[in-house]
Amino acid sequence: MVGKSVVTLDDLTTSQIVDLLHKAQYIETHRHEVAHTCDGRVLATLFYEPSTRTRLSFETAMLRLGGHVIGFAGAQLSSVTKGESIADTVKTVSNLVDVIAMRHPKEGAALVAARAAKDFGIPVINAGDGGHMHPTQTLADLATITSRYGRITGLTIGLCGDLTFGRTVHSLVETLCRFGNVNFVLISPDELKMPRYVIDRIKRAPSCTYTEVRDLAGVIGDLDVLYMTRVQKERFFNEDDYLRLRDTYILDEAKLQLAKPDMAVLHPLPRVNEISVDVDHDPRAAYFEQVHNGMLMRMALESSVVGDTLPGYEEWKNEEVHA
Amino acid sequence: MVGKSVVTLDDLTTSQIVDLLHKAQYIETHRHEVAHTCDGRVLATLFYEPSTRTRLSFETAMLRLGGHVIGFAGAQLSSVTKGESIADTVKTVSNLVDVIAMRHPKEGAALVAARAAKDFGIPVINAGDGGHMHPTQTLADLATITSRYGRITGLTIGLCGDLTFGRTVHSLVETLCRFGNVNFVLISPDELKMPRYVIDRIKRAPSCTYTEVRDLAGVIGDLDVLYMTRVQKERFFNEDDYLRLRDTYILDEAKLQLAKPDMAVLHPLPRVNEISVDVDHDPRAAYFEQVHNGMLMRMALESSVVGDTLPGYEEWKNEEVHA
Amino acid sequence: MVGKSVVTLDDLTTSQIVDLLHKAQYIETHRHEVAHTCDGRVLATLFYEPSTRTRLSFETAMLRLGGHVIGFAGAQLSSVTKGESIADTVKTVSNLVDVIAMRHPKEGAALVAARAAKDFGIPVINAGDGGHMHPTQTLADLATITSRYGRITGLTIGLCGDLTFGRTVHSLVETLCRFGNVNFVLISPDELKMPRYVIDRIKRAPSCTYTEVRDLAGVIGDLDVLYMTRVQKERFFNEDDYLRLRDTYILDEAKLQLAKPDMAVLHPLPRVNEISVDVDHDPRAAYFEQVHNGMLMRMALESSVVGDTLPGYEEWKNEEVHA
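Protein chains in written order, with the numbering used here: chain A, 15 to 337; chain B, 15 to 337; chain C, 15 to 337.
No lab work stands behind these hints: they were computed from the structure.
It is possible that part of the hints are untrue.
As the list makes no split between identical chains, a pair holds if one copy fits it or if it spans any two.
Claimed, not checked - Distance condition first, Cα-Cα at most 30 angstroms in a straight line; then the derived DSSO-like pairs of lysine-lysine:
hint: 1; residue 1: K274; residue 2: K132
hint: 2; residue 1: K120; residue 2: K247
hint: 3; residue 1: K269; residue 2: K132
hint: 4; residue 1: K120; residue 2: K269
hint: 5; residue 1: K120; residue 2: K132
hint: 6; residue 1: K247; residue 2: K18
hint: 7; residue 1: K247; residue 2: K331
hint: 8; residue 1: K120; residue 2: K331
hint: 9; residue 1: K269; residue 2: K331
hint: 10; residue 1: K331; residue 2: K217
hint: 11; residue 1: K331; residue 2: K18
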């Protein structure tokens, strides 16, 4: 993966994704061993719009590997945009650093950046462009499922809320479909159902099934994973529909009583009120772990694309994973 | 102190404060020994309002201990506030870092943060919330008095200017009262006298005395320490009063002629005109040293709450302090 | 150079400039050896106006030497300016860090800063004040010429575009004149000719010559170096003049066919359209290399003024340079 830009998850093979998941596991349990993996490396975080959560995760990942960070975050970028193309900014920064994480409001910006950086052999990681798609969020989701179940297949995975506009769930479903053997339960109001192209993707996937339902309470008992998303008011035609439907898609301790004792609750964050704060102390709540797992996956990805080997990883993998 | 949040100085015992003062002394003279104390640690500076001076001090402290820093500073926080509670932001960041320094315009914000972070075992240091109280400023003041006199008790300490609204002086007085044996000289116009509750605190303190006076020049000769504060125009009913009183509370070389040769002049900074720039080169000027001492105290505090031992400190303490 | 502030290039002797050029060469080829040169040091980037490119270069330079960085960048500075003088801010920051890089919109700000920092023995590097003059841009230019030709003298150097207002070219010409033996070709419309004082400087320089021409295509074949600058629309009296002249000063592959095969194209960046993007892949394009060379020169300068020796440099210099 050395020098490889990751604009979408299609830039990674399934075996590369599996390897990243293993690396994240290794990193979690071998903090000291990996603390100097990227000594002397520099990451640039070029955030053309603010996304503090994502930026801090990318930055912490590089710092915990021993590397350094430079960059800008929204408010500081005036001099960058001063008549300069994304390509020129990226070519400039490619002459300073070893890897770039970029966030941009326009779809396609990450691809333009990846091409410009390629001239100088520098990999670009898409930290979200347009529609807030970003591959490392999905990697965080996969790592969280793995940390809870030891696998990402053979599970019943519920996706709940706004399934029409939530890019996060589309990306997760598509990636799980590459592995196959997942039972999807799609929980949403009629107004916010999963788009046809994602359903078609599930149909083509090996050993995958799906059900579409309106009610969370009725299916929560079947789920291994419940992926919650925000239902935004502005998606509805009128306030009445919103108020009527909203509570159906709020997870609280009452609904959680109906769930399996080891179900994992995921959410890409930030939440507004779709998960009640009384759920936070339930051991099934995995959404803050997801933040931690996102950082681990970014450590795995950043070290991989700059070409730095995690000390001791290959030996560990041979013993733990292949044994 | 491992894992301990510091929202106010009441969160620290007097012996913990004394230990931090010793640690600051040790750090000052053992830069090389402590340079890797916090290797691999990450501090988050969550500044919901800008306070560059304070932020840079917290950050430099962690960096000089070998740790790393992530964060945001006012202008960058739009995505954080986007419908997310302080508690959720802190829970998220607690899954990335080892210690949080938070600045927030609302009183009580640091306490909310400390409680949220506690779920993940992460300490929060209050870098100011509402009324700009922040415990590490008082620690900087104490360290500066210590560096000049080798002690914080048995001294005559003058506090001059706006004693009504200046939280910095209230916090300093209250903390000194915990140690006792201080002679306070409270110098202010009638409009800006020390509040009753602080006076009551002095009365209850062991071996503490106080005098209230209007004129700096008349008492400056008695002082070991002169703590200057800014007299803000908007505190007065009319411009005439302000202009009449202002000069009384400006420290210049002329007034300094009346002071003891080893008196120490402190100021929390930034100053406007209450200390004349010609005082800067006087050896009694200690207000820029205060910046340096603030950084040393933050190094002491940050390393303590993350649970990292300063190499060689215990041995030094046994020899130097207890001998 | 220990503790030396660099406000203009006149603060450096020609032999110090030559030494910095050698250091940059050494750093380029000895990354690992120099990676811990500034361990434990802290650079403050005080940017009172945004200049992302310059800031990132100063920061990366210190990080690649093993040091740390704190600072602010335009948007974050509200609390700094809150009634505080530049001198006080610099005195404060001087009590936290080892070296300061400052950018300020007002001419003379860097000199004020250098004087304030001197009280604490801290060097200030001017990263641009007023008119966007900054000595490290010229150092980047010199390093780029050196990396292409192994020398900065005995060359025919063309400067093209806006020669009236472009401080970058004035600074480069004046510095080259200190070394002498350069043949300048000044290419500009009549409206934007080189100012009289720069021409006079060339006339006084040892073995320097110059020609003034209007047309790039007619002289490009003679040049060893072509330094392009932006021709800003607002410099012209009317749109017609601008449109008529503009194309004359745009470098594209067609014009480049007329140039020597080893000519180097420089540009201080950002470019708008004065260099066509099809030139980027031509081996003569040196303007992104310039970014890299700027970082190397800042590494050389930062390590020099804080007084840290590049491990192995002296031995290398004795063998490589003096041999």
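Check the structure against each numbered hint from earlier and tell me which ones fail, lowest number first.
The structure conflicts with hints 4, 6, 7, 8, 9, 10, although it agrees with all the remaining ones.
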